[in-house]
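> Listed below are the residues making up each chain.
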Amino acid sequence: MFIRVNTDKCTGCETCLQSCPYDAIIMKDGKAEITELCQLCRACLNVCPEGAISEVREEGAPGKEKGQGKGVWVFAEQRDGRIADVSFELLGAGRRLADILGAELSAVLFGSSEDGADELIKWGADKIYHCPDEILGVFNDEPYAQLLSDLIQEHKPEIVLAGATPVGRSFIPRVAARLNTGLTADCTSLDIDRETGHLLQVRPAFGGNIMATILCPLTRPQMATVRPRVMKRGVYDPDRKGEVIRISDRKISSRTSVKDTVKEASDLALNLQEANIIVAGGRGAGGEKGFALLYELAEALGASVAASRAAVDEGWIAYRHQVGQTGKTVGPKLYIACGISGAVQHLVGMQSSDIIVAINKNPEAPIFNVATYGIVGDLFEILPIFIRKVREAKGL
Amino acid sequence: MKIVVCIKQVPDTAEVRINPETNTLVRDGVASIINPYDMHALEAGLQMREAAGAGTVTALTMGPPQAENALREAVSMGIDEGVLLTDRAFAGSDTWATAYTLAKAIEHIGADIIICGKQAIDGDTAQVGPEIAEFLQIPHVAYVRKIDSLKDGSIIVQRLMDDGYDIVESSLPVLLTVVRELNVPRMPSLKGKMAAKKAVIRQMKASDLKADVNSLGLQGSPTQVRNIFAPEAKKDRKMLEGSSEEKVDQLLKELAGLKCL
Ligand SMILES: Cc1cc2nc3c(=O)[nH]c(=O)nc-3n(C[C@H](O)[C@H](O)[C@H](O)COP(=O)(O)OP(=O)(O)OC[C@H]3O[C@@H](n4cnc5c(N)ncnc54)[C@H](O)[C@@H]3O)c2cc1C
Ligand SMILES: Nc1ncnc2c1ncn2[C@@H]1O[C@H](COP(=O)(O)O)[C@@H](O)[C@H]1O
Chain A
234 MFIRVNTDKC
244 TGCETCLQSC
254 PYDAIIMKDG
264 KAEITELCQL
274 CRACLNVCPE
284 GAISEVREEG
294 APGKEKGQGK
304 GVWVFAEQRD
314 GRIADVSFEL
324 LGAGRRLADI
334 LGAELSAVLF
344 GSSEDGADEL
354 IKWGADKIYH
364 CPDEILGVFN
374 DEPYAQLLSD
384 LIQEHKPEIV
394 LAGATPVGRS
404 FIPRVAARLN
414 TGLTADCTSL
424 DIDRETGHLL
434 QVRPAFGGNI
444 MATILCPLTR
454 PQMATVRPRV
464 MKRGVYDPDR
474 KGEVIRISDR
484 KISSRTSVKD
494 TVKEASDLAL
504 NLQEANIIVA
514 GGRGAGGEKG
524 FALLYELAEA
534 LGASVAASRA
544 AVDEGWIAYR
554 HQVGQTGKTV
564 GPKLYIACGI
574 SGAVQHLVGM
584 QSSDIIVAIN
594 KNPEAPIFNV
604 ATYGIVGDLF
614 EILPIFIRKV
624 REAKGL
Chain B
2 MKIVVCIKQV
12 PDTAEVRINP
22 ETNTLVRDGV
32 ASIINPYDMH
42 ALEAGLQMRE
52 AAGAGTVTAL
62 TMGPPQAENA
72 LREAVSMGID
82 EGVLLTDRAF
92 AGSDTWATAY
102 TLAKAIEHIG
112 ADIIICGKQA
122 IDGDTAQVGP
132 EIAEFLQIPH
142 VAYVRKIDSL
152 KDGSIIVQRL
162 MDDGYDIVES
172 SLPVLLTVVR
182 ELNVPRMPSL
192 KGKMAAKKAV
202 IRQMKASDLK
212 ADVNSLGLQG
222 SPTQVRNIFA
232 PEAKKDRKML
242 EGSSEEKVDQ
252 LLKELAGLKC
262 L
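Residue numbers (my numbering), protein chains in the order written: chain A, 234 to 629; chain B, 2 to 262.
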């Protein structure tokens, strides 16, 4: 894309000169001219009284140019023949974006098993690009990055979404680098700017203390990753039909190879993500005594126990229980936060819970901003009552 | 063997707070540290050099002039050389432009192994490492939690995954991004601290790189920050009132009504 002055229309009034923050417009032979200082910020576009300044979009131009983007794509991650849950969540978000844009929603599926393609369609996809090539059966960055980049270049989607899983976070950046386009990590919400059609990508910034809206205005596709459990699934329609496009025998190679895969309950995977109810404690729990109360409540409720980073750093509970930006993202039906202040880094890990109960003695604590029910009080007083009453109700 | 470790100087974000009135960040008095994951990257580089009994470890950082302190700290741990990429032309780089610039510098320095932290704690994107590898057109392995072997132009490492780990072999040159489990970073020795004081830090500017100027800094960054804002409160929030007993009673009633329990 570039900005052009129509010299036939330009009257040399110089109105546009002040509009440019980069001093990129000069007067030459009585006409405005855009110099190489232009940053394509578009500030000059609407200031010309004669309408002589316009943006010109080139088709198929190389490098960092806006392509003729069409449609929204979701990378549907598959490991051991099972599609990762985050893929269905991305379809929920992607469906919404595609509907706003009046565009198609497609999913890209790598690996021999095609069983999942149908499910992806029922969860909202119109089209599936499925590549069963053997080299994609196990995850290696180079073949994944190469094939996805090739497909994007062939079909030119406007938006590409992927899960911020170990797989997505590892190879999607390579795709963005190869395509010379922007990538926004760990988005917590996605929307379309109704005026410009740009993707609005919201993510925590500055260590998570604040949220930022990120744009990728000039290059395509606009790419974003989203953590598991942040977006909600869309509507499941068992009768939904779509098209599966098979892609095979691509020339792809890899300089890395997976020798072995070892399954182990690592710190990254604890059943927290499947829990319906989570009781979480922070620094306000004060130590092991406080956590003992949390465990008692959890037991009475049939819940799992989670923690803020402060509590983990204090050594009161193991890292695998940590919820938040550098821990797990959870989305239970009920999340009970006890003695947690509600730093953004914690919030991004639990905000999508259906119901949030906050117990905190400081009425100003930011956790109350996201709470469905707030109790201002000392957890050492509230929790024993809570435990007693739950036990009574359940006849324990 | 030439090892380049990319380190970033970051504000100790655990200390960054928001001024609730002005909605701006309070960064005064917040200390700068080497990104914690990059400490593990440095340690990994030093261990590889020691195991091989030969080679050099270069630490590379892109940042403002004061990022030199991070490189001196790395010297105190025992690296051979620090390179500081500093130029106003680099200001405002997003991950794409950062990775592009670092890749150009690494081409200049030369490397068999490049090590990055898994992510930087100020941005938490985890994108720069894999993007550097793509710009250099070399393979990478992310989330490395153990180095199993390194010899004859190939390396075998363990890559942390959600459900365990993969054992991955790669040819050299390669880029690794590392997690905390990999090692325990060493403390600087007394000798190291002396060396750090005297060390000459090599500086590189945009003109020292064979780089496309349009791909640097703010101008070269495909992404832009449109605005920043503080997270908002939920609209349907209910604060429960009364004595502690009453509050818990109300809560249980609400939850029962929602069939939560
Ligand atoms: C890059 C980065 C990543 C991070 N990642 C995470 C992450 O993944 N997860 C995470 O949780 N944090 C993370 N943090 C840390 C985060 O910024 C906060 O420091 C942390 O969440 C605070 O934990 P807390 O709420 O338990 O402690 P505090 O902020 O100290 O809050 C304790 C709260 O307990 C209340 N309280 C005290 N006593 C009682 C009592 N008796 N009864 C009731 N209430 C009481 C207090 O009023 C206070 O609100 C990260 C930070 C950074 C910079
Ligand atoms: N400005 C920089 N200078 C040197 N290395 C960097 C810089 N930014 C990022 N890195 C490296 O890339 C890793 C990931 O950073 P990020 O993608 O920002 O989370 C860090 O751990 C560093 O190793």
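Misleading hints may appear alongside valid ones.
Simulated crosslink set (DSBU-like; lysine-lysine; CA at most 30 Å straight-line) [to be verified]:
1) B:Lys152 to A:Lys492
2) B:Lys192 to B:Lys3
3) A:Lys627 to B:Lys3
4) A:Lys566 to B:Lys254
5) A:Lys522 to A:Lys465
6) A:Lys594 to B:Lys239
7) B:Lys254 to A:Lys594
8) A:Lys622 to B:Lys239
9) B:Lys147 to B:Lys3
10) B:Lys254 to A:Lys522
11) B:Lys147 to A:Lys492
12) B:Lys260 to A:Lys594
13) A:Lys496 to B:Lys147
14) A:Lys492 to B:Lys3
15) B:Lys147 to B:Lys194
16) B:Lys194 to A:Lys622
17) A:Lys465 to B:Lys192
18) B:Lys239 to A:Lys522
19) B:Lys199 to A:Lys496
20) B:Lys194 to A:Lys355
21) A:Lys242 to A:Lys261
22) A:Lys622 to B:Lys199
23) A:Lys622 to A:Lys594
24) B:Lys239 to A:Lys465
25) A:Lys622 to A:Lys522
Now the stretches of chain B that chain A is said to cover, found in silico as 3 or more residues with beta-carbon under 8 Å [stated by the list, open to error]:
26) 95-102
27) 161-174
28) 204-210
Everything labelled a hint here was simulated from the structure, so no lab data went into it. Note that the structure is predicted; figures quoted are calculated from it, not measured. Cβ coordinates follow ideal geometry from the N, Cα and C atoms, glycine included.
> Would you mind marking each hint as holding or not holding in the structure?
Going through the hints against the structure:
With a C-alpha separation of about 16 Å, the suggested pair lysine 152 of chain B and lysine 492 of chain A falls inside the 30 Å cut-off, and the hint holds. This hinted pair checks out: lysine 192 of chain B and lysine 3 of chain B have alpha carbons roughly 23 Å apart, not beyond 30 Å. A C-alpha spacing of about 65 Å is found between lysine 627 of chain A and lysine 3 of chain B, which places the hinted pair above 30 Å, so the restraint is violated. Straight-line distance between C-alpha atoms of lysine 566 of chain A and lysine 254 of chain B comes to about 16 Å, which keeps the hinted pair within the 30 Å bound.
A threshold of 30 Å between alpha carbons decides the hint, and for lysine 522 of chain A with lysine 465 of chain A the separation of about 36 Å lies outside it, so the pair is violated. Our distance criterion of 30 Å between C-alpha atoms is met by lysine 594 of chain A and lysine 239 of chain B, whose separation comes to about 16 Å. For the suggested pair lysine 254 of chain B and lysine 594 of chain A, the alpha carbons sit about 22 Å apart, so the restraint of at most 30 Å is met. Taking the CA atoms of lysine 622 of chain A and lysine 239 of chain B, the gap is near 21 Å; set against the 30 Å cutoff, the hint holds.
For the given pair, lysine 147 of chain B sits about 20 Å from lysine 3 of chain B by alpha-carbon distance, which is consistent with the 30 Å threshold. Of the supplied pair hints, the one linking lysine 254 of chain B and lysine 522 of chain A holds, its CA atoms being roughly 28 Å apart against a limit of 30 Å. Of the supplied pair hints, the one linking lysine 147 of chain B and lysine 492 of chain A holds, its CA atoms being roughly 14 Å apart against a limit of 30 Å. Under the criterion of a C-alpha separation no larger than 30 Å, the hint pairing lysine 260 of chain B with lysine 594 of chain A is consistent with the structure, at around 27 Å.
Restraint check: the Cα-Cα separation between lysine 496 of chain A and lysine 147 of chain B comes to about 15 Å, which is no more than 30 Å; the hinted pair holds. Distance restraint check for lysine 492 of chain A and lysine 3 of chain B: the Cα-Cα separation of roughly 26 Å lies within the 30 Å cut-off, and the hinted pair is therefore satisfied. Simply put, lysine 147 of chain B and lysine 194 of chain B have alpha-carbon atoms about 28 Å apart, close enough for the 30 Å limit, and the pair holds. Restraint check for lysine 194 of chain B and lysine 622 of chain A: not satisfied, since their Cα atoms lie roughly 60 Å apart, outside the 30 Å limit.
A C-alpha spacing of about 55 Å is found between lysine 465 of chain A and lysine 192 of chain B, which places the hinted pair above 30 Å, so the restraint is violated. For the given pair, lysine 239 of chain B sits about 29 Å from lysine 522 of chain A by alpha-carbon distance, which is consistent with the 30 Å threshold. With a C-alpha separation of about 48 Å, the suggested pairing of lysine 199 of chain B with lysine 496 of chain A is violated against the 30 Å cut-off. Between lysine 194 of chain B and lysine 355 of chain A, the direct Cα distance comes to roughly 62 Å. Violation of the 30 Å bound is thereby established for this hinted pair.
In summary, the hint linking lysine 242 of chain A to lysine 261 of chain A is supported, as the alpha carbons are separated by about 15 Å, within the 30 Å threshold. Taking the CA atoms of lysine 622 of chain A and lysine 199 of chain B, the gap is near 67 Å; set against the 30 Å cutoff, the hint is violated. Between lysine 622 of chain A and lysine 594 of chain A the alpha-carbon distance is near 21 Å, which keeps this suggested pair within the 30 Å criterion. A threshold of 30 Å between alpha carbons decides the hint, and for lysine 239 of chain B with lysine 465 of chain A the separation of about 23 Å falls inside it, so the pair holds.
With a CA separation close to 20 Å, the supplied pair lysine 622 of chain A and lysine 522 of chain A stays within the 30 Å bound. Against chain A, the region 95-102 of chain B contributes 5 residues with a C-beta closer than 8 Å to a partner C-beta. That satisfies the three-residue criterion, and the hint holds. With 12 residues having a beta carbon nearer than 8 Å to a beta carbon of chain A, the region 161-174 of chain B meets the requirement of three or more and the stated coverage holds. Beta-carbon proximity to chain A at under 8 Å applies to 0 residues in the region 204-210 of chain B; the threshold of 3 is not reached and the given coverage is violated.
Comparing the model with each numbered hint stated earlier shows that hints 3, 5, 16, 17, 19, 20, 22 and 28 do not hold.
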